[in-house]
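Listed here are the chains, written in short residue letters.
Number of protein chains: 2
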Amino acid sequence: MAVKLNGNYQNLEESYLFAEIARRIRKWQADHPDKAEQLIRMGIGDVTRPLPEAVVNAMVSASQELGRAESFRGYGPEQGYDFLKEAIQRYYARYAVELDLHEIFISDGAKSDLGNILDLFDKDNVVMVTDPVYPVYVDTNQMDGRKIVFKTASEENGFLPMPAKEDHADLIYLCSPNNPTGAVYDREMLKQWVAFARENHAVILFDAAYECFVTGDLPHSIYEIPGAKEVAIEFCSFSKKAGFTGTRCGYTIVPKELVIDGIPVNPMWLRRQTTKFNGVSYVTQRGAEAVFTAEGEKQIQENIDYYRENAAIITDTLDELGIYYTGGKNSPYIWLKCPGNLDSWSFFDKLLNEACVVGTPGAGFGKAGESFFRLTAFSTHENTREAMRRFKELCK
Amino acid sequence: MAVKLNGNYQNLEESYLFAEIARRIRKWQADHPDKAEQLIRMGIGDVTRPLPEAVVNAMVSASQELGRAESFRGYGPEQGYDFLKEAIQRYYARYAVELDLHEIFISDGAKSDLGNILDLFDKDNVVMVTDPVYPVYVDTNQMDGRKIVFKTASEENGFLPMPAKEDHADLIYLCSPNNPTGAVYDREMLKQWVAFARENHAVILFDAAYECFVTGDLPHSIYEIPGAKEVAIEFCSFSKKAGFTGTRCGYTIVPKELVIDGIPVNPMWLRRQTTKFNGVSYVTQRGAEAVFTAEGEKQIQENIDYYRENAAIITDTLDELGIYYTGGKNSPYIWLKCPGNLDSWSFFDKLLNEACVVGTPGAGFGKAGESFFRLTAFSTHENTREAMRRFKELCK
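Protein chains in written order, with this note's numbering: chain L, 3 to 398; chain X, 3 to 398.
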């Protein structure tokens, strides 16, 4: 007898996407040392604007609090402090979603909880993801050996695939606004997904990490759909909303109405988190709380508007050129059809070589991403404008 | 067909220990409103001294850095920044343990990684824990449905159980200095455990969360034992060392020499962390880095010495009374035999009712904890002295 590893890890595919992009950039830089300064990166999925002042002030003051005996705090509640959960509760109330505090769990980011939530589910469940897909949904389930079915997103369905009668899945990942396509489900579409989940006794894992980019009547939360609390867990993040990609805070909603085979899921998640997690840094939670103050909201809105303006620069160019795309209006991602019928890696090379602009080939997000390309709105106005000027030049 | 939950959660035992302690204290407070102010809590496993100034200053300055465009940082490496990994690498070098940077993974705490590491191992492995035990080792394995065998710690083996020839296990949890007993394995004992793991093709999960309390020649790290790198993963934490219980930072060492069935474990853990984790807050990592500066080390040493003095107040009293105990010398925990042959809950009640002092009944940590009791060194000098004065009075 001997210790045995989890064999599923051997079935994981290596993720070559960003490594391959880096390799091609390095080669290009070596071949074109004179052009190095012209390179504009439009592939980044990370924010670039600094943390809002209100957040910084809250974190500075919380750090100092921990340095004084009378205000020091040790272990906090694993599920997060009430001060932050209450701020999130009020935020959801704006969209007429009522949450109990014990339905809100503060996390160190949506990515952690999207993976960890699988601890609660049997390995035999069938998982449905859309293609193209945020690779984490696929990899985390392959680590557990679950069967994965792909629901194809395409130009035909506006990159918003809908369930069909013959479909079957136990766990359904929906990401809206979507990474990588930027497409957003409307209320009617989400109603159909909720109905499908209810009929199939499935659970929707709803990734709302980009909800802050949503405008108009589009839903911010799956719980805006009646009946969703009985079939959905929602994941959200301060990463894109408030520049927390390096500060690490998010939250997960596990409604008390979610009951499977008579077993409520909320206490299971509480048990998982109290056993395998020790809560988010107090300083970070105070920073996240400041996001919801009047000052904080004004400051994060300025950043979101800044990125939105970049997105508009990109979509205006694509509109002018008559190139098909999704996203950009309610999302920091713009997902475009490669001009000239190029496949996504060929277009990557062309854009790099002829315009010194880097984006992300759609094929890296799944089969259905082939011949599509992702640009992001997280650069500066100056670089975004210059990149799109060159893009236009290239497409002439 | 329908979604299925992980059925193992239904086999978890509710942890009543701290809830039951809280219930008994509430009842006592209701029955003795006049004595409420006399209550001294000696059961807490949380630090009470504020964060060292060097750490606070580093966190304040890192927070401000994130507020300026030119020094803003987004996503960091999931496995942690080199600046912190290098500080840890230098710390291990003091004990003649050489680590590569890629063997060090920064975490949000030992508890998270102790649970998450199990992702890498098959459900069929047999797990060995010592009894009494830190409940997390048991619960996290029950969540996966692994078989658990208990190795009894007792007065006979000084609460330091050793492996026997006939023992078998695939995953072995060792915690030294131990929670809850405070007992510390010496070099010779750890050599035997390493030899046992090597012969049995087992992996040791070594919890070094309390290593900062170790003195003299006792090992701080399992890797001080030759050959341990091939069979052990080590977990450590800034929680007790530097007051990070609410700030959340730790680290996990996965040596490149740990290879199972030809598969190196280090890249599996990297894959797990890059897929299900997004790194520790930049601000927290800067705070942790400051722990290793000359100023930071001096300040954390003052706090550790403060707790050590409390431990000495407790052990001096027990020595005087001739009560058997482990810990206290190289640990913030003191594990004592209940005076008067009482069982641990009876002694809890007696200590509360007659001395207004709260501790933790040993039975809460496992069968072998019955008739033992845990006191901690995390209170103030004043309270510790007063508690032990009353304890002595009680035992007269």
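It cannot be assumed that every hint is accurate.
No copy is singled out in the list; a pair is fine if it fits within one copy or between any two copies.
[Claimed, not checked] Capping the alpha-carbon separation at 25 Å, the derived lysine to any residue pairs in SDA-like fashion look like this: (1) Lys352 to Val261; (2) Lys149 to Arg43; (3) Lys258 to Glu16; (4) Lys193 to His170; (5) Lys29 to Asp124; (6) Lys29 to Ala98; (7) Lys258 to Gln144; (8) Lys300 to Trp347; (9) Lys258 to Glu158; (10) Lys300 to His34; (11) Lys125 to Glu16; (12) Lys153 to Ser17; (13) Lys125 to Pro269; (14) Lys6 to Gln144; (15) Lys193 to Ala24; (16) Lys300 to Gly9; (17) Lys394 to Arg75; (18) Lys6 to Phe152; (19) Lys369 to Asp36; (20) Lys125 to Asn10; (21) Lys300 to Glu384; (22) Lys149 to Tyr11; (23) Lys369 to Thr382; (24) Lys193 to Leu41.
I should point out that these hints are in silico values taken from the structure, not numbers from a laboratory.
Cross-check of the supplied hints:
1. With identical chains, the CA atoms of Lys352 and Val261 are never at most 25 Å apart, being 52 Å at best within one copy and 43 Å at best between copies.
2. Taking the shortest Cα distances, Lys149 and Arg43 never come within 25 Å of each other, neither inside one copy (36 Å) nor across copies (51 Å).
3. In this assembly of identical chains, the alpha carbons of Lys258 and Glu16 lie at most 25 Å apart only when taken from different copies (19 Å versus 38 Å within one copy).
4. Taking the shortest alpha-carbon separations for Lys193 and His170, only the intra-copy value of 17 Å comes in at or below 25 Å, while the best inter-copy value is 54 Å.
5. In this assembly of identical chains, Lys29 and Asp124 lie within 25 Å of each other by CA distance neither inside one copy nor across copies; the values are 45 Å within and 41 Å between.
6. For a Cα distance limit of 25 Å, the shortest separation of Lys29 from Ala98 qualifies neither inside one copy, at 52 Å, nor across copies, at 41 Å.
7. In this homomeric assembly, Lys258 and Gln144 come within 25 Å of each other (Cα to Cα) only across copies, at 24 Å, whereas the closest approach inside a single copy is 28 Å.
8. Within a single copy, Lys300 and Trp347 get their C-alpha atoms no closer than 40 Å, and across copies no closer than 55 Å, so neither meets the 25 Å cut-off.
9. When the C-alpha separation of Lys258 and Glu158 is checked against a cutoff of 25 Å, the pair qualifies neither within a copy, at 37 Å, nor between copies, at 49 Å.
10. Proximity of Lys300 to His34 under the C-alpha cut-off of 25 Å is found in neither arrangement, the shortest distances being 43 Å within a copy and 51 Å between copies.
11. For a Cα distance limit of 25 Å, the shortest separation of Lys125 from Glu16 qualifies both inside one copy, at 22 Å, and across copies, at 24 Å.
12. Proximity of Lys153 and Ser17 under a CA criterion of 25 Å is satisfied intra-copy only: 21 Å inside one chain copy versus 42 Å between copies.
13. Proximity of Lys125 to Pro269 under the C-alpha cut-off of 25 Å is found in both arrangements, the shortest distances being 20 Å within a copy and 23 Å between copies.
14. In the homo-oligomer, the alpha carbons of Lys6 and Gln144 lie at most 25 Å apart both inside one protomer (17 Å) and across protomers (17 Å), since each shortest distance falls under that limit.
15. Proximity of Lys193 and Ala24 under a CA criterion of 25 Å is satisfied in neither setting, with 41 Å inside one chain copy and 45 Å between copies.
16. Taking the shortest Cα distances, Lys300 and Gly9 never come within 25 Å of each other, neither inside one copy (49 Å) nor across copies (46 Å).
17. When the C-alpha separation of Lys394 and Arg75 is checked against a cutoff of 25 Å, the pair qualifies neither within a copy, at 55 Å, nor between copies, at 31 Å.
18. With identical chains, the CA atoms of Lys6 and Phe152 are at most 25 Å apart between copies only, with a shortest distance of 20 Å across copies and 30 Å within one.
19. Proximity of Lys369 to Asp36 under the C-alpha cut-off of 25 Å is found in neither arrangement, the shortest distances being 36 Å within a copy and 72 Å between copies.
20. In this assembly of identical chains, Lys125 and Asn10 lie within 25 Å of each other by CA distance both inside one copy and across copies; the values are 11 Å within and 12 Å between.
21. In this assembly of identical chains, the alpha carbons of Lys300 and Glu384 lie at most 25 Å apart only when taken from the same copy (23 Å versus 48 Å across copies).
22. Taking the closest pair of Cα atoms, Lys149 and Tyr11 come within 25 Å of each other both inside a single copy (14 Å) and across two copies (22 Å).
23. In this assembly of identical chains, the alpha carbons of Lys369 and Thr382 never lie at most 25 Å apart, being 31 Å within a copy and 62 Å across copies at closest.
24. For the homomeric pair Lys193 and Leu41, neither the shortest alpha-carbon distance inside one copy (44 Å) nor that between copies (56 Å) is at most 25 Å.
In the structure shown, a violation is registered for the earlier hints numbered 1, 2, 5, 6, 8, 9, 10, 15, 16, 17, 19, 23 and 24, in ascending order.
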